[in-house]
Amino acid sequence: FHLNLYNYYEALESTELDETLQLDLNDEEKSFLDLPKIIGTLAGDIDLDCGYFRQRKKLERKKKETEEGKKIQALEDAMSKASTESSANTITGLASKFRSNFDNRNQMRAFYCSAKNINQQRHIEVQKAHYCHQLCRKERLKLMHTAENDDKSKKLLMFVGDRRTGVGSRIKGFRQYGG
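Following our numbering, the numbering of the sequence shown begins with 49 at its first residue and continues without gaps.
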């Protein structure tokens, strides 16, 4: 099934469907256009239930309240300021930028890659997989019990998210942070 839409579109003057704008499709092709509604999952729900929100807040709190965190925050601010001030157009500017990043890497690694942080990340990976399975299960059950699905022997299949391909999620705003 393929829709031939090349050079076939134009701006509609009204949102009402007109019989002249209907595509010439047979009954089988029309059945492909009747897609089921998905469960309204918001990016904030996924962020909260997977544990990303809690991890970010813990890291922010750790940066603000501990001495080590304050040092790391000062280093990050200095590196950010140095990257805007020193020009990468010259060799000396590029060398100073590299040197500042290289000198601070061990302190940054010790803070971000501590055993506690690594365990939290591992926990979040497991929690995310569990939540994605729950979300897919909820979606399947909703689709199976809709009024349109009278034939219970038919198995429905619908994918949610990126299916671990790394392409990205269909859910608007999922893990998109500013800054």
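Hints listed in this document are in silico derivations from the structure and should not be mistaken for laboratory results. Any given hint could be a false lead.
Claimed, not checked - Each computed BS3-like pair below joins lysine-lysine, with the alpha-carbon atoms no more than 27 Å apart:
hint, residue 1, residue 2
1, K118, K106
2, K129, K111
3, K111, K186
4, K111, K145
5, K78, K164
6, K105, K119
7, K118, K105
8, K145, K118
9, K112, K164
10, K106, K190
11, K119, K129
12, K145, K119
13, K78, K106
14, K164, K119
15, K164, K176
16, K164, K111
17, K105, K176
What the hints assert, rightly or not - Per label pair, the in silico range of CB-to-CB distance:
hint, residue 1, residue 2, range
18, D93, N165, 22 to 32 Å
19, Q168, E124, 16 to 26 Å
20, F150, R188, 18 to 28 Å
21, Q155, L96, 55 to 65 Å
22, Q182, A143, 43 to 53 Å
All C-beta atoms in this analysis are idealised placements derived from N, C-alpha and C, irrespective of residue type, glycine included.
Status of the hints after comparison with the structure:
About 14 Å separates the Cα atoms of K118 and K106, which keeps this hinted pair within 27 Å; it holds. A hinted pair counts as satisfied when its Cα atoms are at most 27 Å apart, and K129 with K111 qualifies at roughly 18 Å. A distance of roughly 37 Å separates the Cα atoms of K111 and K186; the hinted pair therefore is violated under the 27 Å criterion. Proximity of K111 to K145 is assessed by CA-CA distance (about 23 Å); at most 27 Å being required, the pair is judged to hold.
Between the alpha carbons of K78 and K164 the distance comes to roughly 54 Å, so the proposed pair goes past 27 Å and is violated. Pair hint K105 plus K119 holds up; C-alpha atoms about 18 Å apart against a cutoff of 27 Å. For the hint linking K118 to K105, the alpha-carbon distance of about 15 Å falls within 27 Å, and the restraint holds. For the suggested pair K145 and K118, the alpha carbons sit about 21 Å apart, so the restraint of at most 27 Å is met.
Under the criterion of a C-alpha separation no larger than 27 Å, the hint pairing K112 with K164 is consistent with the structure, at around 17 Å. Distance check on the hinted pair: K106 and K190 sit about 35 Å apart at the alpha-carbon level, beyond 27 Å; violated. The straight-line distance between the Cα atoms of K119 and K129 is roughly 15 Å, inside the 27 Å bound, and the hint therefore holds. With a C-alpha separation of about 19 Å, the suggested pair K145 and K119 falls inside the 27 Å cut-off, and the hint holds.
With a C-alpha separation of about 50 Å, the suggested pair K78 and K106 falls outside the 27 Å cut-off, and the hint is violated. At most 27 Å may separate the alpha-carbon atoms for a hinted pair to count; K164 and K119 meet this at roughly 18 Å. Proposed proximity of K164 and K176 is supported: the alpha carbons are some 18 Å apart, at most 27 Å. A C-alpha spacing of about 15 Å is found between K164 and K111, which places the hinted pair at or below 27 Å, so the restraint holds.
Distance check on the hinted pair: K105 and K176 sit about 17 Å apart at the alpha-carbon level, within 27 Å; holds. Between D93 and N165, the C-beta spacing of about 24 Å keeps the proposed range 22 to 32 Å intact. Distance hint check: the CB atoms of Q168 and E124 are about 20 Å apart, consistent with the given range 16 to 26 Å. The hinted window of 18 to 28 Å between F150 and R188 is violated, with their beta carbons roughly 50 Å apart.
Between Q155 and L96 the Cβ separation comes to about 31 Å, which falls outside the hinted range of 55 to 65 Å. At about 51 Å, the CB distance of Q182 to A143 agrees with the hint of 43 to 53 Å.
Against the hints set out earlier in the document, violations occur for numbers 3, 5, 10, 13, 20 and 21.
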